[in-house]
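Novice: Note that our numbering has the sequence shown beginning at 1, numbered continuously upward.
Some hints could be false.
[As the list claims (entries may be wrong)] Mimicking DSBU-like on lysine-lysine, the simulated pairs with C-alpha atoms at most 35 Å apart in a straight line are: (1) Lys178 x Lys143; (2) Lys178 x Lys61; (3) Lys177 x Lys61; (4) Lys6 x Lys177.
These are calculated hints, taken from the structure and not from any lab test. Being a predicted model, the structure only gives us computed values, none of them experimental.
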Amino acid sequence: MNYLNKISNIQDYFLDNFDQYVEMIIYTAVCFFVPLLMGHPQIVVGVLVNTMLIVAALNLKGAKLLPVILVPSLGVLTRGIIFGPFTIFLVYMIPFIWIGNAILVYAFKWLKLHLNWNYALTLGIGSAVKAGFLFLSALVMYKLGFVPVIFLTAMGLVQLITALIGGIMAFGFHETKKWLS
1 MNYLNKISNI QDYFLDNFDQ YVEMIIYTAV CFFVPLLMGH PQIVVGVLVN
51 TMLIVAALNL KGAKLLPVIL VPSLGVLTRG IIFGPFTIFL VYMIPFIWIG
101 NAILVYAFKW LKLHLNWNYA LTLGIGSAVK AGFLFLSALV MYKLGFVPVI
151 FLTAMGLVQL ITALIGGIMA FGFHETKKWL S
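Between the sequences and the hints, there should be enough to build the whole structure, so can you do that?
Specialist: Okay, here's the thing in structure tokens:
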């Protein structure tokens, strides 16, 4: 557990506590209100959420990551539109979505910030592991009869695409932010 705590406290560049809280509030608000207010298309919502997850991974430390990881699925559930009549089934997937988001965040913390791997490689691995985990979770839930087949696409290929595009956007946003500070 100490190792995970050590990894969660790495930042790409120093931000004091006040700046981290401001950014946490902004990223969390985007992660909640984009799904809540926008709803569709899932690809756009997913890209924006994944962008915030990755930027949070690079900038925030420790427990400040939790709201960004947890609230996107709550925004989707609150909206009740992205999966149309299937939204109620999302309840079964929420814990897996939280874990998938944490996988992406901690891939950046560990691979990019701790091991100093290339950004593109980190993005590829983090996105693939997140999408793979969510797809396998959806597959098990589908086989057990908890979710309809539509979740296999939504939690597989769509997750991979949105994480990759979100990562590209996060790179541009983050590099611009570093340059301006």
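Novice: Against this structure, judge whether each hint is valid.
Specialist: Consistency of the hints with the structure:
Under the criterion of a C-alpha separation no larger than 35 Å, the hint pairing lysine 178 with lysine 143 is inconsistent with the structure, at around 46 Å. Simply put, lysine 178 and lysine 61 have alpha-carbon atoms about 17 Å apart, close enough for the 35 Å limit, and the pair holds. At roughly 17 Å between alpha-carbon atoms, lysine 177 and lysine 61 fall within 35 Å of each other, so this suggested pair holds. Simply put, lysine 6 and lysine 177 have alpha-carbon atoms about 24 Å apart, close enough for the 35 Å limit, and the pair holds.
Violated hints amount to a single one, hint 1; each of the other numbered hints is respected by the structure.
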